[in-house]
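Listed below, chain by chain, are the residues.
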Amino acid sequence: MLYAGIDVGSLSTDVVLVDSDLQIKGYSIIPTGADSKKAAGESLDEALSQAGASQEDIGEIIATGYGRISVSFASDRVTEITCHARGANRLFPQAKTVIDIGGQDSKAIRLNRRGRAVDFAMNDKCAAGTGRFLEVMARALELDLEELAGHSLKAEKTVPISNMCAVFAESEVVSLIAEGNPREEIIKGLHVSVAERTLSLARRIGYQSPVVMTGGVAKNAGVIRALEEKLETELLIPEEPQIIGALGAAVIAFERAQKEVS
Amino acid sequence: MSGGRIGFLCTYTPGELIEGAGFNPYRLLPPSEAVGSEDLLDSNLCPYVRQVAGALRSGYYPHFQGIVIARSCEASLHFYNILSRERDFNVFLLDLPRQRGPRAQKYFQAQLENLTKWLEELGGKLNEEELSSSLDDYGKTRELFQDTRIRAKGVDIFQLASEYNGRPRRDFNAALEGFLNEKCLEENALSILLTGAIPPQGLINILEGEEIILDTCLGLRGFLRGEMQGKNLFSRLSHAYLNRPPCPRFLDGEDRLNLFSRLLETQEIQGVIYHDLGFCDVSSYDFLIQKKFWEDQNVPLLKVKTELGRGETGQILTRVEAFLETLEEGGEE
Chain P
21 MLYAGIDVGS
31 LSTDVVLVDS
41 DLQIKGYSII
51 PTGADSKKAA
61 GESLDEALSQ
71 AGASQEDIGE
81 IIATGYGRIS
91 VSFASDRVTE
101 ITCHARGANR
111 LFPQAKTVID
121 IGGQDSKAIR
131 LNRRGRAVDF
141 AMNDKCAAGT
151 GRFLEVMARA
161 LELDLEELAG
171 HSLKAEKTVP
181 ISNMCAVFAE
191 SEVVSLIAEG
201 NPREEIIKGL
211 HVSVAERTLS
221 LARRIGYQSP
231 VVMTGGVAKN
241 AGVIRALEEK
251 LETELLIPEE
261 PQIIGALGAA
271 VIAFERAQKE
281 VS
Chain X
29 MSGGRIGFLC
39 TYTPGELIEG
49 AGFNPYRLLP
59 PSEAVGSEDL
69 LDSNLCPYVR
79 QVAGALRSGY
89 YPHFQGIVIA
99 RSCEASLHFY
109 NILSRERDFN
119 VFLLDLPRQR
129 GPRAQKYFQA
139 QLENLTKWLE
149 ELGGKLNEEE
159 LSSSLDDYGK
169 TRELFQDTRI
179 RAKGVDIFQL
189 ASEYNGRPRR
199 DFNAALEGFL
209 NEKCLEENAL
219 SILLTGAIPP
229 QGLINILEGE
239 EIILDTCLGL
249 RGFLRGEMQG
259 KNLFSRLSHA
269 YLNRPPCPRF
279 LDGEDRLNLF
289 SRLLETQEIQ
299 GVIYHDLGFC
309 DVSSYDFLIQ
319 KKFWEDQNVP
329 LLKVKTELGR
339 GETGQILTRV
349 EAFLETLEEG
359 GEE
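Line by line, the protein sequences give chains P and X.
In our numbering, each residue carries its 1-based index in the first sequence increased by 20.
In our numbering, each residue carries its 1-based index in the second sequence increased by 28.
If you are wondering where the hints come from, they were derived from the structure by calculation, not from laboratory data.
Treat the hints with caution; some may be incorrect.
For lysine-lysine, the following DSBU-like pairs were computed, each having C-alpha atoms within a straight-line distance of at most 35 Å [to be verified]:
no. : chain 1 : residue 1 : chain 2 : residue 2
1   : P       : 116       : X       : 333
2   : P       : 145       : X       : 331
3   : X       : 319       : P       : 250
4   : P       : 279       : X       : 331
5   : P       : 145       : X       : 319
6   : P       : 57        : X       : 320
7   : X       : 320       : P       : 239
8   : X       : 333       : P       : 145
9   : X       : 320       : P       : 145
10  : X       : 320       : P       : 116
Computed from a prediction, not measured in an experiment: that's the story for all the values here.
Let the hints inform the model, and build the full structure from the sequences given.
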């Protein structure tokens with residue numbers, strides 16, 4: 021029997037399938053697009069195909085993420101705060117804090133000794149310090165999002181970015197380019213600004229090491245380095261940080277199924 | 029009662045006097061859909077007052093014989109200034125003290141006397157029989173909210189307050205009594221104190237299924253009264269209103285904390301949700317006082333900031349649901 025977690029985020033819809041030993045048997049990451057229900061179905065099919073299984077093999081489905089309400093075929097819905105905590109705890113049982121930077125929001129989550137979320141802080145009202153912020157800046161710099169990290173790590177100095185607002189920061193970046201500042205140093209400045217924003221969230225919950233970083237932005241080595249400097253700790257990064265919310269949802273799906281049996 | 033409706037903004041407006049003068053008091057609650065009012069009031073003023081102003085102009089509310097604006101904050105004073113220039117509205121400014129001692133009570137007593145004169149100018153007459161019955165009815169509401177039966181599904185209290193708005197207090201009491209007796213809470217419901225400013229319907233809806241102690245002017249603060257002490261009707265009413273659980277606008281926050289201490293002793297409060305109304309200075313400092321209090325009591329607290337907009341529900345959904353999930357998970361251990 022398999023247990024599915026579906027994380028419908030603003031940019032990607034991620035599915036994880038686990039077995040009864042909570043081992044990952046398949047996963048998928050696809051763009052959410054305009055129809056989140058359709059994306060959830062397609063992402064689930066892709067993960068099932070990777071696991072060599074069919075829908076009949078699924079015991080329970082938990083949906084999470086901002087689009088969780090639209091996954092009508094899920095057994096239940098749980099917030100991404102709880103799911104990221106459970107997913108991070110599954111991979112790093114020693115973790116005390118989770119930093120999740122997704123496409124649309126960022127969060128800091130404090131875990132208790134059992135790896136459950138006990139406190140959190142969210143930035144969900146503007147794009148500052150999120151994946152969307154970096155996406156807008158990459159466009160202004162005429163780079164692909166994936167290229168930002170490589171440039172940032174080459175920079176010797178940092179050009180500070182004073183605007184946190186994605187709209188104003190884009191104008192600032194354009195001005196900095198016009199002034200002739202090296203692109204690498206501007207990108208490093210952007211990563212430092214994301215790290216500073218995240219630090220303020222982490223401080224609000226009284227973060228403690230070990231800290232796990234999840235979400236799509238955890239694939240950006242430039243942000244990781246800036247954040248490690250700000251938090252003064254080495255971050256634990258999952259092999260695939262984008263699926264941790266879905267993994268947590270799958271773990272909860274398994275636990276719910278066990279409860280129903282007993 | 030046949031004198032028409034009197035609209036009012038703040039629950040420091042004594043409905044007893046309005047009913048006693050033969051009118052129906054009608055609370056100006058925020059509209060279900062936000063109505064623009066930027067040309068009337070600046071967008072950096074209280075969203076509650078702004079939305080009521082927009083709704084009043086758009087014809088959302090029924091016709092009012094007159095409107096009472098208590099000077100609860102600067103936004104309400106701006107609202108009064110606008111209405112007082114309009115020919116279509118008879119409006120009265122009820123000046124509400126910021127302190128609650130004997131001098132404040134004397135001042136508020138004079139305000140209530142002026143309110144009565146204004147009601148009489150509108151054709152009302154303070155009828156002894158109606159006044160006595162109205163005082164009994166408002167006293168009954170206070171009794172219903174006084175004891176431990178203040179837990180309820182927030183969504184139901186909100187609906188009751190809206191449904192019985194503008195109807196005699198006696199009818200509201202009957203509905204409230206029946207509802208409190210028959211209340212049917214869900215198994216494993218969490219007990220949440222909802223405090224801060226008047227909450228949006230969307231926040232109340234998210235909390236459906238949980239047990240809510242509503243410390244806002246739609247709940248405890250709006251329905252409880254102090255003792256009726258004094259030499260005459262106006263001094264007794266002044267005492268009763270200024271000695272009820274205070275609104276955050278009053279300068280002595282200690283009495284508010286005393287109420288929370290009493291609630292902690294009698295109710296099992298598992299978490300607190302603080303509704304912070306955008307652009308409300310009072311909310312900003314009240315939150316800091318409450319934050320310290322609840323931290324000292326080890327009770328988890330969540331601040332939710334809104335401008336009473338319907339579109340904000342999606343944004344606060346994850347925040348509130350995650351907070352409830354952390355409470356279900358059992359906290360630090």
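Cross-check of the supplied hints:
no.: 1; hint: P/116 to X/333; verdict: holds (27 Å)
no.: 2; hint: P/145 to X/331; verdict: holds (14 Å)
no.: 3; hint: X/319 to P/250; verdict: holds (27 Å)
no.: 4; hint: P/279 to X/331; verdict: holds (33 Å)
no.: 5; hint: P/145 to X/319; verdict: holds (22 Å)
no.: 6; hint: P/57 to X/320; verdict: violated (43 Å)
no.: 7; hint: X/320 to P/239; verdict: violated (38 Å)
no.: 8; hint: X/333 to P/145; verdict: holds (10 Å)
no.: 9; hint: X/320 to P/145; verdict: holds (25 Å)
no.: 10; hint: X/320 to P/116; verdict: holds (24 Å)
This entry does not satisfy hints 6, 7, going by the numbered hints stated previously.
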